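Peer 1: Produce the complete structure using the sequences and hints provided.
Each protein sequence line maps, in turn, to chains Z and V.
Counting from 1, one number per residue, gives the positions in the first sequence under full-length UniProt numbering.
Counting from 1, one number per residue, gives the positions in the second sequence under full-length UniProt numbering.
One thing to keep in mind: the hints can contain errors.
What the hints assert, rightly or not - Derived lysine-lysine pairs resembling BS3-like cross-links, with alpha carbons at most 30 Å apart:
| hint | chain 1 | residue 1 | chain 2 | residue 2 |
| --- | --- | --- | --- | --- |
| 1 | Z | LYS53 | V | LYS71 |
| 2 | V | LYS71 | Z | LYS8 |
| 3 | Z | LYS83 | V | LYS71 |
| 4 | V | LYS67 | Z | LYS27 |
| 5 | V | LYS26 | Z | LYS53 |
| 6 | Z | LYS130 | Z | LYS83 |
| 7 | Z | LYS38 | V | LYS67 |
| 8 | Z | LYS125 | Z | LYS27 |
| 9 | V | LYS26 | Z | LYS8 |
| 10 | Z | LYS8 | V | LYS33 |
| 11 | V | LYS109 | V | LYS119 |
Stated by the list, open to error - Example chain Z residues on the side facing chain V (calculated, C-beta under 8 Å, incomplete):
| hint | residue |
| --- | --- |
| 12 | PHE18 |
| 13 | ALA31 |
| 14 | ARG40 |
| 15 | GLN48 |
| 16 | ARG67 |
| 17 | PHE101 |
| 18 | MET104 |
| 19 | GLN145 |
If you are wondering where the hints come from, they were derived from the structure by calculation, not from laboratory data.
Quick caveat, the model's predicted, so the values are computed rather than measured.
Where a beta carbon is used, it is the ideal one built from N, C-alpha and C, also for glycine.
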Amino acid sequence: MEQEQLVKELLSKSNQSFTLLYDNYSKSLYAVIYNLIKNREEAEDVLQEVFVKIWNNIDTYNETKGRLYTWMLNITRNTTIDKLRSKGYNNSQKNQSADNFVYMLEDNSKTVNKIDAIGISRFIKKLKPKCIQIIELLFFQGYTQQEASEELEMPLGTVKTQNRNCMNELRTMINE
Amino acid sequence: MSSREIIESGTLELFVFGKLTEEENKEVIEMSKKYSEVQEEILAIESAIINLSQSVSPHLSVTNYEKIRTKLLGKNDVISINRKSSWTNYIGWGAAAVFVIGFGLQYFKLDESKTTIDKLATEKSLMQESIVDLEFEKQEAEKVLAIVRDNNNIQVALGGQEVAPNAYAKAYYNKETNEVYIDASGLPNPPEGKVYQVWGLKLDPLTPQSIGLLDNFTANNSKVFKVEKADGAEAFGITLEPAGGSVSPTLEQLYTLGKV
Chain Z
1 MEQEQLVKEL LSKSNQSFTL LYDNYSKSLY AVIYNLIKNR EEAEDVLQEV
51 FVKIWNNIDT YNETKGRLYT WMLNITRNTT IDKLRSKGYN NSQKNQSADN
101 FVYMLEDNSK TVNKIDAIGI SRFIKKLKPK CIQIIELLFF QGYTQQEASE
151 ELEMPLGTVK TQNRNCMNEL RTMINE
Chain V
1 MSSREIIESG TLELFVFGKL TEEENKEVIE MSKKYSEVQE EILAIESAII
51 NLSQSVSPHL SVTNYEKIRT KLLGKNDVIS INRKSSWTNY IGWGAAAVFV
101 IGFGLQYFKL DESKTTIDKL ATEKSLMQES IVDLEFEKQE AEKVLAIVRD
151 NNNIQVALGG QEVAPNAYAK AYYNKETNEV YIDASGLPNP PEGKVYQVWG
201 LKLDPLTPQS IGLLDNFTAN NSKVFKVEKA DGAEAFGITL EPAGGSVSPT
251 LEQLYTLGKV
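Peer 2: Structure follows, in structure tokens:
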């Protein structure tokens, strides 16, 4: 569904719009939360909080400022980071560069998503380690270009194009 | 900036990730309105990253969905649907209540049935165990009976000796096959660390030969033991020996003795 349509639905707060919202985005946002918080129960709590915020503040979303998904993503990151801070985690996450989102796949393959995880893990594992790292930092951890360039010891200008290349690689894999 | 340039720069990826400044965001949005290929590129990036994150996401439980749904939609929604007429309302609620109660009852019954099934299954397996035990006992009894009934078996009564005047035992000795069974039901349980040893004896000259131990004496319910073959034995004796048995009988501990 087009974003404009979904926003309209969400503004009407219909049952259907909730289902659409949940079906389309809950798993993606949950992955971001879980990757930061690494605790299933707490991640579910944060996801609830995030949905409440999206639901209640949808009228403040401004299409001329960015994508709906990006807006939700920012809410998600901020809510998760707030949660982490309130629990005294500080920014300790930022030092754990060894961890990345791919480990979630391994967790999954032990549980319910078996088939999904096996299918997708095949191509995610084909991603270069550098790509996994850069997507981890910029997308999952929400680093700025500056922070990412420091962490990866990569010139600032290269971060953007490197990320572009990695995303292209991912897209070709998905479309194959 | 051309559409090509902005697409190749990697700015659109950061736009979707939410990592641009407000200024940069504005610029991208203007470009996307101007060039459909920029807009399409943005959508493709968005769908790829959603796809990726969805795929690595841990499983989300159905309860989670329900929780969020209730939180956002609450119960108001359910009521507002049925506001038109009060009596249909009541019928609706009544039907719902009946349904819920019925469902509850069914669930309760189901639960009960499950418990009953579990109980029965346990009982069944216990009974099966005792059937197996009984079968074993029966087989043993039949074996003993067969030994006693066998015409080829000579019954040798072994009488109590000095250390145990009240003890007795019987040997069933098949002279053709030389097989020997000992019925030791007249012997007391051996003390810890001791074992009964059976001897086949030749009388002239007196030569005892061990034909086996009555191992696991207490555990053997029928107290009938098969021992080794005794070739040409003229008498049988049973002595109490240290665990593992002895090379020659300890005659002071001779419990029973009997001539063929």
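Peer 1: Against chain V, is GLN48 (chain Z) within 8 Å by beta-carbon distance?
Peer 2: holds (5 Å)
Peer 1: Grab the minimum C-beta distance from MET104 (chain Z) to chain V and call the hint holds if it beats 8 Å, violated otherwise.
Peer 2: Interface hint status for MET104 (chain Z): holds (4 Å vs cutoff 8 Å).
Peer 1: Per the CB criterion, is ARG40 (chain Z) less than 8 Å away from chain V?
Peer 2: holds (6 Å)
Peer 1: Can we keep the PHE18 (chain Z) interface hint, with Cβ of chain V closer than 8 Å?
Peer 2: holds (6 Å)
Peer 1: With the threshold set at 30 Å, check whether the alpha-carbon distance from LYS125 (chain Z) to LYS27 (chain Z) stays at or below it.
Peer 2: holds (20 Å)
Peer 1: Between LYS67 (chain V) and LYS27 (chain Z), does the CA-CA distance stay at or below 30 Å?
Peer 2: holds (15 Å)
Peer 1: LYS26 (chain V) and LYS53 (chain Z): Cα distance at most 30 Å?
Peer 2: Distance ~24 Å between LYS26 (chain V) and LYS53 (chain Z) Cα, so the pair holds.
Peer 1: Do the alpha carbons of LYS8 (chain Z) and LYS33 (chain V) lie within 30 Å of each other, as the hint requires?
Peer 2: holds (20 Å)
Peer 1: Could you grab the alpha-carbon distance between LYS109 (chain V) and LYS119 (chain V) and see if it respects the 30 Å cut-off?
Peer 2: Between LYS109 (chain V) and LYS119 (chain V) the Cα gap is close to 15 Å, so the pair holds against 30 Å.
Peer 1: Take the C-alpha atoms of LYS38 (chain Z) and LYS67 (chain V), compute the straight-line distance between them, and say whether it is at most 30 Å.
Peer 2: holds (21 Å)
Peer 1: Next pair to validate is LYS26 (chain V) with LYS8 (chain Z); report whether the Cα-Cα distance is within 30 Å.
Peer 2: Status holds; Cα separation ~22 Å.
Peer 1: Min Cβ distance, ALA31 (chain Z) to chain V: is it shorter than 8 Å?
Peer 2: Where the cut-off is 8 Å and the nearest Cβ of chain V is about 4 Å from ALA31 (chain Z), the hint holds.
Against the hints set out earlier in the document, no violation occurs for any number.
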